[in-house]
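Kindly generate the complete structure, drawing on both the sequences and the hints.
Number of protein chains: 2
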Amino acid sequence: MPKIARLIDGKKIAAQIRAEVKAEVDALKKQGITPGLAVVIVGDDPASHVYVRGKARACDELGMNSFVHKLPANATERRVLNLVKRLNEDPKVHAFLVQSPLPKQIDENKIVKAIDPAKDADGFHPVNVGKLLIGEPAMMPCTPHGCQELLLRSGCNPAGKHVVIVGRSNIVGKPLAALLIQKAEGANATVTICHSRTKKLASITKQADILVAAIGVPEFVKGSMIKEGAVVIDVGVNRVEDKSNPRGYRLVGDVDFKAASKKARAITPVPGGVGPMTIAMLMQNAVAAAKRAR
Amino acid sequence: MPKIARLIDGKKIAAQIRAEVKAEVDALKKQGITPGLAVVIVGDDPASHVYVRGKARACDELGMNSFVHKLPANATERRVLNLVKRLNEDPKVHAFLVQSPLPKQIDENKIVKAIDPAKDADGFHPVNVGKLLIGEPAMMPCTPHGCQELLLRSGCNPAGKHVVIVGRSNIVGKPLAALLIQKAEGANATVTICHSRTKKLASITKQADILVAAIGVPEFVKGSMIKEGAVVIDVGVNRVEDKSNPRGYRLVGDVDFKAASKKARAITPVPGGVGPMTIAMLMQNAVAAAKRAR
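Order-wise, the sequence lines are chains A and B. This note's numbering puts the first residue of the first sequence at 11, with every later residue one more than the last. This note's numbering puts the first residue of the second sequence at 11, with every later residue one more than the last.
Because the hints were derived from the structure by calculation, they are not lab data. Keep in mind that a hint or two might mislead.
Note that the list lumps identical chains together, so a pair holds whenever it fits in one copy or between two copies.
Said to hold, decoys possible - Listed next, the in silico DSBU-like pairs over lysine-lysine satisfying Cα-Cα at most 30 Å (straight line):
#: 1; residue 1: Lys272; residue 2: Lys13
#: 2; residue 1: Lys114; residue 2: Lys193
#: 3; residue 1: Lys102; residue 2: Lys272
#: 4; residue 1: Lys22; residue 2: Lys237
#: 5; residue 1: Lys232; residue 2: Lys216
#: 6; residue 1: Lys209; residue 2: Lys272
#: 7; residue 1: Lys272; residue 2: Lys95
#: 8; residue 1: Lys120; residue 2: Lys209
#: 9; residue 1: Lys102; residue 2: Lys123
#: 10; residue 1: Lys13; residue 2: Lys32
#: 11; residue 1: Lys21; residue 2: Lys80
#: 12; residue 1: Lys21; residue 2: Lys232
Okay, structure coming up:
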């Protein structure tokens, strides 16, 4: 009988983390502090509105304050910067983010840099990215931090393991590498970062004890690219057309899940793997910021 | 006849860079700007004083202003912070650094964070480290930048190559990885970062097209750890006892040079490899800062 990989249940692990965060929220409220997360959304991108609603709902469920600021698609950069300034100064807002993508008249880089690093819920401000690489306490990038927690809480400590990351985005690949190479509990991995310019990719991915796919291409990682017994973390979320589905599409990751399941020891599904972790870590960031602001 | 690796001549390449920097200094002076680099040294560490003199001499040779601030070993943190503040505000000082190591009453982290990132000659401020990882223009860390220039100017473009870095320091290993994974000219490498917790190290280093040793252990990298035809960059500078030498010691790198020379296609010597590059890149940083301040 062929072995089938164990599922790493992101929903369940994220629920555990949310429960832990809830306990912290409750403790803070007894001290008269209600952690607050604000989200700024500019324009009408439907997927962004879905994400923002998800974030607000997560706040509600944990008893946190959530503040959603909707700006029209034609809002000026100045207007967004003014709002960022106000949120930086608002004591009720302990952390916030500006949902991407932004309309093209707005320089996303400029917006991120205007956010007070102490309130930078996404961990995207250069000073937080720098601290992450240096190994200092910082606001953590949510998706990489979620990947690390998924590994640790499913018995796959990356210490001493060879982690191969496919993808070098600023949101996932680069900060995840920065996180996992640290001389620190839950890190200490040997890390290889691969990308579009990598040669003989499969010969590298096949060495991974832990393989992370974050390249944004549906089912890019084939079964033949995975070592027998590896742990596979699939960060991708891609819509592929599927007429049999009432929505007309289905979600797939960056990994050929079926083939990978026959090789891997453990694997995250899409959806229900990394996705729920990102929001849980965002909540954790907001509460950590509220504690520090105390 | 056994092949012997080509020497990558850091002295010669550093001299080319200094000549380029000199031309920029001359051009700036015609506009009435003399680039200025300040160095702060606290205490009596003899090696630090040698480094600081070398930096000041390099400034002199390029016609730049150099300012050396010597503080006693018992200087308070407050005194160093006050000096940093003054240098941040001094228009004649375009870039500066505080020489490490610092006496133990002074928190080096705090000092680095007090430096204006625009004047951060070493590129150690978290905001510069973050920009480096994100891929934005930043003050570059001198030794990693010097390694990159050594590669590019000796015909060893890292693009598409597998670079294995042994060592994860904040001064070399981590920022060099950040630099070489970028989607950018002179980068685009597949990068693996190894360290004390890496298992089967030799099996990884033997895959390197470009192997960088920055671990701080004399002759740690043996010939057997190097792939035939690899390029070897030795960042280490270690004193080992040598009674036959009038100084009582000699300098060796982190690579067993003799054995490595028989395997590698090209290799940097110690001294005369990475060392001279670090100072050349420091000068380049100071001049770049002067140009931006213009």
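How the hints compare with the structure:
no., hint, in the structure
1, Lys272 / Lys13, "within (6 Å within a copy, 46 Å between copies)"
2, Lys114 / Lys193, "between (40 Å within a copy, 22 Å between copies)"
3, Lys102 / Lys272, "neither (49 Å within a copy, 65 Å between copies)"
4, Lys22 / Lys237, "within (26 Å within a copy, 45 Å between copies)"
5, Lys232 / Lys216, "both (11 Å within a copy, 26 Å between copies)"
6, Lys209 / Lys272, "both (25 Å within a copy, 26 Å between copies)"
7, Lys272 / Lys95, "neither (51 Å within a copy, 60 Å between copies)"
8, Lys120 / Lys209, "neither (34 Å within a copy, 42 Å between copies)"
9, Lys102 / Lys123, "both (21 Å within a copy, 27 Å between copies)"
10, Lys13 / Lys32, "neither (38 Å within a copy, 65 Å between copies)"
11, Lys21 / Lys80, "within (28 Å within a copy, 58 Å between copies)"
12, Lys21 / Lys232, "within (24 Å within a copy, 47 Å between copies)"
The structure is inconsistent with the numbered hints 3, 7, 8 and 10, although it conforms to all the rest.
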